[in-house]
Amino acid sequence: MTDRPMAAFDDASLEGALRSLATAIDWPTAAPAAPSDVAAGPDVATQVRVRLTDPTRRRGSRTWWRPAWQPLRRSVVLALAALLALAVVAGAVGLGLPGLRFIFGGSPTPPTPAPTVRPGASPTPTPTLPAVPGSAMGLGELVQITEVALRTGIAVRLPTDLRLGAPDSVWVDEARGNQVAYVWASSGALPETTERGVGLVLMRFDGTTDPGFYEKTIGSGTHLEMVDVNGHDGYWIAGDPHFFYYVRDGERFVEENRRWVGDALVWSDGTTTFRIESALGRDATIAIAESIE
Amino acid sequence: MRHGNHRPPAGVGVRLSWRAVHIEDAELIARARSGDVTAYESIVRRYQDVAVRTAYLICPETDADDAVQEAFLKAFDALPRFREGAPLRPWLLRIVANEARNRRRSAGRRHGLALRAADAAGPQPTTPGPEQIVMAAEQRSELLTALNALRDDDREVLGARFLLDLSEAEAAEALGIPRGTVKSRTSRALGRLRVTLGPDGMVER
Numbered sequence: 001m002t003d004r005p006m007a008a009f010d011d012a013s014l015e016g017a018l019r020s021l022a023t024a025i026d027w028p029t030a031a032p033a034a035p036s037d038v039a040a041g042p043d044v045a046t047q048v049r050v051r052l053t054d055p056t057r058r059r060g061s062r063t064w065w066r067p068a069w070q071p072l073r074r075s076v077v078l079a080l081a082a083l084l085a086l087a088v089v090a091g092a093v094g095l096g097l098p099g100l101r102f103i104f105g106g107s108p109t110p111p112t113p114a115p116t117v118r119p120g121a122s123p124t125p126t127p128t129l130p131a132v133p134g135s136a137m138g139l140g141e142l143v144q145i146t147e148v149a150l151r152t153g154i155a156v157r158l159p160t161d162l163r164l165g166a167p168d169s170v171w172v173d174e175a176r177g178n179q180v181a182y183v184w185a186s187s188g189a190l191p192e193t194t195e196r197g198v199g200l201v202l203m204r205f206d207g208t209t210d211p212g213f214y215e216k217t218i219g220s221g222t223h224l225e226m227v228d229v230n231g232h233d234g235y236w237i238a239g240d241p242h243f244f245y246y247v248r249d250g251e252r253f254v255e256e257n258r259r260w261v262g263d264a265l266v267w268s269d270g271t272t273t274f275r276i277e278s279a280l281g282r283d284a285t286i287a288i289a290e291s292i293e
Numbered sequence: 001m002r003h004g005n006h007r008p009p010a011g012v013g014v015r016l017s018w019r020a021v022h023i024e025d026a027e028l029i030a031r032a033r034s035g036d037v038t039a040y041e042s043i044v045r046r047y048q049d050v051a052v053r054t055a056y057l058i059c060p061e062t063d064a065d066d067a068v069q070e071a072f073l074k075a076f077d078a079l080p081r082f083r084e085g086a087p088l089r090p091w092l093l094r095i096v097a098n099e100a101r102n103r104r105r106s107a108g109r110r111h112g113l114a115l116r117a118a119d120a121a122g123p124q125p126t127t128p129g130p131e132q133i134v135m136a137a138e139q140r141s142e143l144l145t146a147l148n149a150l151r152d153d154d155r156e157v158l159g160a161r162f163l164l165d166l167s168e169a170e171a172a173e174a175l176g177i178p179r180g181t182v183k184s185r186t187s188r189a190l191g192r193l194r195v196t197l198g199p200d201g202m203v204e205r
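First to last, the protein sequences are chains D and W. Note that the first sequence covers residues 1 to 293 in my numbering. Note that the second sequence covers residues 1 to 205 in my numbering.
Since the hints were made in silico from the structure, they are not lab data. No residue lacks a Cβ here, since even glycine has one placed at the ideal position from N, Cα and C.
With the Cβ distance kept under 8 Å, some of the chain W side facing chain D (calculated, not the full set): (1) 52; (2) 98; (3) 116.
Chain D stretches covered by chain W per the calculated footprint, using a threshold of three residues with CB under 8 Å from any CB of chain W: (4) 14 to 22; (5) 145 to 155.
Based on the sequences and whatever the hints tell you, model everything.
What follows is the structure, encoded as structure tokens:
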């Protein structure tokens, strides 16, 4: 036994002390201490099997034992979202939702509005596509995918959805919450978004969608729907183009050069927030989101 | 939530042959993917204790059991996306950790997050492992208090590496951070633990 104060331990000694501590912690267990301990109830494995064989279980469904206020909250949120769409006529109205704060009203004029050219929409000659998909989007610095982890300390997590393949460009902007953006060019499988030549954008950045952190300005032509992304609350935002903002410490600053954004899916996983911009529609976009590994 | 089992659970501190476990996991995964719930139950039973410990490190104890059950249900649904040949334990623990973080965030508080000693005056293990240090009960209590005082990231990485005995690679996968970050964060967390244990730290003696 050591008499040395632990504050004087080197790393190896502290590690040893922690390993020793592991044996002294009152760990909860997943199973009864003995098979005869029926009062303790079934173990986790048994409970999981029972739930998996429940004919009423929906694949990927929410937990059925959660308090009843959760579905109520969702209903209330959707009802409020619909109600507040009416408030557009009364001018700008602020709404605090769990996760995102939406401001309804006239969309601010972007200083450099991006052209929203859609296939077949313009009789004018097609402008030359950017050499690198996403280069007109102000996503930060173009990097190789192998540089992402070195630059940001963040492991690359990409959708495994087969229609995507490897991203066509990768962008990093440490100043915007360690933001990493993966861009896929438009193709037969990926219809063009509001960005010319871009079929899908996956962005991740540090931060949760806690109230007040993330803000979005939408108008009456933009529709909001709360969705489930692998068990996480998400928002599918579709319709007219709109803007995204960050808000920190009550001081607003504009993200992404006030870029117009088309249909988008936003969700948080732990302390990371993801966003996918895609013209594939809600269900296909959620499927891509849920294939991220 | 049950307590009192201080034996190393399967998957925690028991050095089974990795290859043997891996092969058996692969067989069970293949059967579970085809809908064999009994095979999946065997997988859950193998990793349920380390899963519960992982959740207990991250979220309030009262939520740990639910977090683990929900994680195993999601993992079952996600099995088709599990990369063949990859180790199963850290993949499962990552889903557990995500679920536990969700509950911690929902709780909006740290209340109930503290790890507890089984018995502060209890006996030291009679045969500590080669990497363990023999400590008096007061020292264990002091160390536990300091560990509980650390911020979540620090506590999670130290817990994963030294309480759950995960390798750096496993901890990286389970916590969803690069392996290099595990190394650097562990080093910084040990430094902060040392400061917390020091005369200016917040541990009462």
